[in-house]
Each structure stands twice: as structure tokens, then as C-alpha cells.
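There are 2 protein chains.
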Amino acid sequence: MNAVNRQMTLRRYPDGMPKESDFEVVMAALPEVGEGEVLCRAYYLTVDPYIRVHVSPSMSVGYAPTTPLGWPIPGEAILQVVQSRHPGFKDGEFVAGFGGWQDYCALPGDSLRKVDARLAPLTAHLGSLGMPGLTAYVGMTKLAEAEAGQTVFVSAALGGVGAVAGQLARLKGCRVVGVSSSAEKCRYAVEALGYDACLDRTQPDFAARVAAACPEGIDVDFENAGGEVFWAAFDHMKPYGRMLICGLVADYNDSSPPPGPDRSPNLLRMIALKRLIVKGVMVADYWDLRPRFLEEVGGLIRDGRLVSREYVVDGIENAGRAMIDMLSGRNFGKTVVRIADPPVV
Amino acid sequence: MNAVNRQMTLRRYPDGMPKESDFEVVMAALPEVGEGEVLCRAYYLTVDPYIRVHVSPSMSVGYAPTTPLGWPIPGEAILQVVQSRHPGFKDGEFVAGFGGWQDYCALPGDSLRKVDARLAPLTAHLGSLGMPGLTAYVGMTKLAEAEAGQTVFVSAALGGVGAVAGQLARLKGCRVVGVSSSAEKCRYAVEALGYDACLDRTQPDFAARVAAACPEGIDVDFENAGGEVFWAAFDHMKPYGRMLICGLVADYNDSSPPPGPDRSPNLLRMIALKRLIVKGVMVADYWDLRPRFLEEVGGLIRDGRLVSREYVVDGIENAGRAMIDMLSGRNFGKTVVRIADPPVV
Numbered sequence: 001m002n003a004v005n006r007q008m009t010l011r012r013y014p015d016g017m018p019k020e021s022d023f024e025v026v027m028a029a030l031p032e033v034g035e036g037e038v039l040c041r042a043y044y045l046t047v048d049p050y051i052r053v054h055v056s057p058s059m060s061v062g063y064a065p066t067t068p069l070g071w072p073i074p075g076e077a078i079l080q081v082v083q084s085r086h087p088g089f090k091d092g093e094f095v096a097g098f099g100g101w102q103d104y105c106a107l108p109g110d111s112l113r114k115v116d117a118r119l120a121p122l123t124a125h126l127g128s129l130g131m132p133g134l135t136a137y138v139g140m141t142k143l144a145e146a147e148a149g150q151t152v153f154v155s156a157a158l159g160g161v162g163a164v165a166g167q168l169a170r171l172k173g174c175r176v177v178g179v180s181s182s183a184e185k186c187r188y189a190v191e192a193l194g195y196d197a198c199l200d201r202t203q204p205d206f207a208a209r210v211a212a213a214c215p216e217g218i219d220v221d222f223e224n225a226g227g228e229v230f231w232a233a234f235d236h237m238k239p240y241g242r243m244l245i246c247g248l249v250a251d252y253n254d255s256s257p258p259p260g261p262d263r264s265p266n267l268l269r270m271i272a273l274k275r276l277i278v279k280g281v282m283v284a285d286y287w288d289l290r291p292r293f294l295e296e297v298g299g300l301i302r303d304g305r306l307v308s309r310e311y312v313v314d315g316i317e318n319a320g321r322a323m324i325d326m327l328s329g330r331n332f333g334k335t336v337v338r339i340a341d342p343p344v345v
Numbered sequence: 001m002n003a004v005n006r007q008m009t010l011r012r013y014p015d016g017m018p019k020e021s022d023f024e025v026v027m028a029a030l031p032e033v034g035e036g037e038v039l040c041r042a043y044y045l046t047v048d049p050y051i052r053v054h055v056s057p058s059m060s061v062g063y064a065p066t067t068p069l070g071w072p073i074p075g076e077a078i079l080q081v082v083q084s085r086h087p088g089f090k091d092g093e094f095v096a097g098f099g100g101w102q103d104y105c106a107l108p109g110d111s112l113r114k115v116d117a118r119l120a121p122l123t124a125h126l127g128s129l130g131m132p133g134l135t136a137y138v139g140m141t142k143l144a145e146a147e148a149g150q151t152v153f154v155s156a157a158l159g160g161v162g163a164v165a166g167q168l169a170r171l172k173g174c175r176v177v178g179v180s181s182s183a184e185k186c187r188y189a190v191e192a193l194g195y196d197a198c199l200d201r202t203q204p205d206f207a208a209r210v211a212a213a214c215p216e217g218i219d220v221d222f223e224n225a226g227g228e229v230f231w232a233a234f235d236h237m238k239p240y241g242r243m244l245i246c247g248l249v250a251d252y253n254d255s256s257p258p259p260g261p262d263r264s265p266n267l268l269r270m271i272a273l274k275r276l277i278v279k280g281v282m283v284a285d286y287w288d289l290r291p292r293f294l295e296e297v298g299g300l301i302r303d304g305r306l307v308s309r310e311y312v313v314d315g316i317e318n319a320g321r322a323m324i325d326m327l328s329g330r331n332f333g334k335t336v337v338r339i340a341d342p343p344v345v
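If you read the sequences in order, they're chains L and W.
Take the first sequence: its position 251, counted from the start at 1, is 251 in our numbering, and no numbers get skipped.
Take the second sequence: its position 170, counted from the start at 1, is 170 in our numbering, and no numbers get skipped.
It should be emphasised that the hints constitute simulated quantities derived from the structure, not laboratory data.
Any given hint might turn out to be false.
Remember, identical chains collapse to one label, so a pair may be satisfied in a single copy or spanning two.
Said to hold, decoys possible - Here are the simulated lysine-lysine pairs, DSS-like style, with alpha carbons at most 25 Å apart:
id, residue 1, residue 2
1, 274, 142
2, 142, 172
3, 142, 238
4, 172, 238
5, 90, 114
6, 90, 142
7, 172, 185
Chain L on its own, in the form it takes in the complex:
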């Protein structure tokens, strides 16, 4: 093949909110395909908040290593098999894998999962049926201990994780209060996703609205936002409440700790006084749940009981802008980038 492999790479590490000039499309050769590997063509790239952590040297930890400059931005993608050197995959099959932001990738077959395009549109396999959806499923089924009638608070209510978490909570019979970043998105959350209420975090009286929307307090905070949204939830947690720390988008652009006062002593004190349980949510611990998740959530989507909405940006050259828009709340639904038209299936 003499195709060109476009890669969206980091030119420099973003300082604060990323800028489009931090990114750069470069042309690369197609990768070699080793034994057991599969060469894939990418159609859709995921743009998730956690990617911001990967492109920040100051946040590097073992679980989220920093992407080297000049390398494609990491992340899951919807792919089609071009050349398989793995017995489990045939040319032409749709798969999802950690190909990163590039046209072509060669991945170990064992790291790929097949994508059933009849179950839901390809884009949904990066969102409600992908890693974000599984994250929400893990949180709501394994960690939240939410019961019918309890109040579940979901920040980034329309996002890849939030939209599924909120809808699963609703289906469980919980009262679900979401947070988003515009009146239009909040309306969508209530009307299309079935949130009982959704609050616009850009309104100056946001904290008061949280109090009004959660008159009995919050039993479960599914935290995707961080920052002031987190604190508004924290201040309204009920005794014995669970806080699932999944995403902290508001803080991802900070390369050093924000100025004081130091709110951590108050955080710890209220955890003790209210007997809160604060837990980290990390989907990587629960890959074994994927079959059950695909069956359950896939069934809900097929039956129209759970809505999956993706915000599709066109062109690999716009992937950096898509990430900036997502971090700024200018997206509407779970962000994906279409870098080539997939064949009709």
C-alpha cells in the first residue's frame, strides 16, 4: 500500500487550556505489521477528557504516561482491519482499539475488540458502548450503591460517561440531577435523557440551584467535572454518601496546584464527619465486565431506552480543536472526530 498515514501529534505540551498551535498533523509511513498484529484503518477517533492528562508532563503517573512530543495523541478509535496477522481477525472487520490519532495503526490483535455495527452506529462504540459507557456502567453497578429513590448527581451530564451514568441511574429509579454548561444542553438532558433536573454551571447562582434541586441532599455524586461543580456537590452530600471520582476536567489544564486557601483539610474533615465514601473510578479494572455491559447497555440502546448522542467533528486536522471545544464545554454530546468516511454497513 502506498497510502499516507496522517498523524495528529503534539508540537509542544499545552500550558493551561490547549491551543490549536500545540497540535500538528504530520505525515508518516504506514506501520510494519508484526506477527499477531493487525493493520487497521481509522474512521473515528475518540476525544475524551482523560486525553488531556496524557499530554501533560506534570500529571504523568504510571497509569497515564505522558505522550512524547511528535507522537500521535493516544486514544481509542473505530478501525477497520486492512491486513490481519492474527487468527482472530479478518480483513474488513470493524474493531475498536487504542490506535491514537492517526489514519493507520498496527495493533496486537489481542488488544482489539470487535464492533457490532448492527447494535448501534459506529460512533456509539466510542461513547455509550465504548470506554466511557463502560466507565459509567462500572460506576453505577459496582461502586455507587445507588438505590431507587436516592439522589444521584451527575456532572458533565451529556458527556460520554455522564449521559450513560445519568440514564442508568434513572432506569434504576433514582432521582437524577445533572450539570451541564448551557441552558440548551440542560434542556436536552431533561427532555431526551430523562434527567429529573439539569443545572447550568455557568449561572452565577449555581450553588443555590444545586441546593434547590437536591432538597434532601445527594446520595451519589458521579463526579466528572471537578472544580466548583465538585464543591457544590460536596457541600450537599448526605451522610454516608458516595462520591465516585471519575473525571476532573476543570483541573486538567492546571500544570501546578491552584492558589489557596488549601481546601483539602476541609475535604477530609467533612468526609469523616459525614462518613462519606470517596472512590476512584477506573475502567481499566473492569474489562471483564464488557460482555455483560454490551449486552445490557446495547440492549437498552437498541430498545430506545437509552439515548446515545455523539458530537461529530470532521477531519483529523480539527482533532485538536475538538479537544479544546470539549474541555471548554462547547461540544454537545460525546465528542468524536471522523477522519474518513466509513463504508456503508
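Position chain W against the provided structure of chain L, taking the given hints into account.
Relative to chain L, chain W alone:
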């Protein structure tokens, strides 16, 4: 009876570390004894870190209401029944109850628990066999999920809670690393309480010593200290580690949040990345465990397998100083104040 009831009261709310002049002994009349109540004489008063929270208006929450000025400082005491108007209690019996810092109190009989002076010295019923011991028992048996071979980190290693938590962890087969505030206390923790190691938090290289003493990281942090001791533990938590937030003595004197930087975003981020579970420990949720606790821990004390050491200060007029010493780490063991000599039993 024409006895005088001495009460150790608050003259003013302490600003930062309490001063002896914040306290004042006043003379009061003996309380009336209502139907169902029991008039008691106090011999030993407990001095626990949580009392600092009760004497701070800025920390008042429903669970820890602020003590009004002029009222006796709250807290459990070892008492003897003087006059009973409750069928469950006879004159002369030893009981424990929330009498506060005063010679005489009238308490509902239903709020009292009998004290078995043959099981352990009376003072131990405020410490290892009292609320602090039960707190440690709840933490280690219900919340820590500690397994043999895991590393358990216990701050305030000699305190009422810490000494029992550390010893229960040792008896479970854990590697137990304590923290205290002098070389002498650390030696005692290792030699008498059986800690595998104990670190002096006043040493400048404390954080490095934590790293050296916990080469594989910390599975369970039984947090009684807060402040820099907390952060040293936090930085060494293993993935999936549990942090039991029980006491935050280092922060109790702060009437407003400390200056920045704000460490709370980092706290939340690492909770997510390491999948930590942070839980509040509150003994009040577990009164029903008391019989099992008394049998188990009482048996361990009787058999010499668990050591109870109290730091006894004489005189109600010195109770304020005893509290200051405890908050400053000048005590050696669990602090109690003897305000009258109990009859020999």
C-alpha cells in the same frame, strides 16, 4: 447532698492552639435527677482530639455541635452511680457516660454503659475499651479490609485509637508502621505495642522515612493525624488502598482554611488514578458492635496480647492543660484526667 459540682468550662473559644486561659473552673449546683435518670460522680474524664472540634464555632456541624461558653466541656467519663432513678442501675455501680468535664452529672440511664472494673483498670474503659478502642475496632474490622501481609499505617500510634488500631492490625498479621512525635514514643510503639516500625514525625526527613519504612507502599492508612503526616501517607498509598479518615488533629486548631496552594485537586486526582477508597470513620454508627468489641478486645487485654496505656493527669483544674498537651503531642498514651480518687474495687 451538699457537695459542690466543679465544672471545667470554656471561657472563650480557643483561637488556634487552646491556651489554659481559655478554660475556667466554675462551681455549680448538683443537677436535678429526673425520672429515668441517674446521678453520677465522675472519677476520670476523657481527653480526646475530637473535643477540640466541639469547642470551635467554625467547625460546628450537626454531628459535632459547638459547646456553649460557660458549659462543661463535653466528653465521656468514668462515673459511679450516686442516685438512680432508672431501674437498670444501682447506687455504687461504675458506668461510663457523656457527663462532660464536671464532678457530677445526671444522665438518662439509657445512655450509660456499665463498666466492668475486673476486665481492665477503670481508665482503660475510656481508652482501649472505650470509644477510642471501639473506633479502632470498627475501622480495622469493618472498614479497612486489611489482609495479613499488607502494610497498615497508623498515625498517632500511641493514642487512644491508634494504639488499638495498630495492635489489632498486628494481630491480623499485617505489617504495621506507626507515627508518633518523639523517639521515646516510637521506641515504645515498637517494643511494647509490637509495631514493625514507628517514625518520629518531628524529624526533618520524615517523608523519606515513610518511603523507607513502606517499600511496597501503604495498603491501609488509619488516619488520626492529618496535615503533613496525612500527605506523607497519601503519597505512598498503593493502588486500591484504603484511607480511613478518623482524626485530623493537625488541622483542628485552624479556624479558617490554611493558605495555598490548594491541594484538594491533587488529592482527588490521585484518588481517581490510584483507585483509592477514602472513608470516614465515625464510631457512633456502630454502637451495636460494642458487646463483640468488649469481648474480643477485653479478652486480648486480659490475656496480655493487647496493651492499654493511659496518660493520667491529676485534677480537674488541669484538664485544659491535658488537652493542650494532647494536641501538642506531649502526652504518652491515651490522655485521661483523674478528678477524684475512685474507691478501690
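Outcome of the hint check:
no. : hint      : in the structure
1   : 274 - 142 : both (22 Å within a copy, 17 Å between copies)
2   : 142 - 172 : within (13 Å within a copy, 28 Å between copies)
3   : 142 - 238 : both (20 Å within a copy, 21 Å between copies)
4   : 172 - 238 : within (19 Å within a copy, 33 Å between copies)
5   : 90 - 114  : within (11 Å within a copy, 75 Å between copies)
6   : 90 - 142  : neither (35 Å within a copy, 51 Å between copies)
7   : 172 - 185 : within (23 Å within a copy, 52 Å between copies)
Of the numbered hints given earlier, the model fails hint 6 alone.
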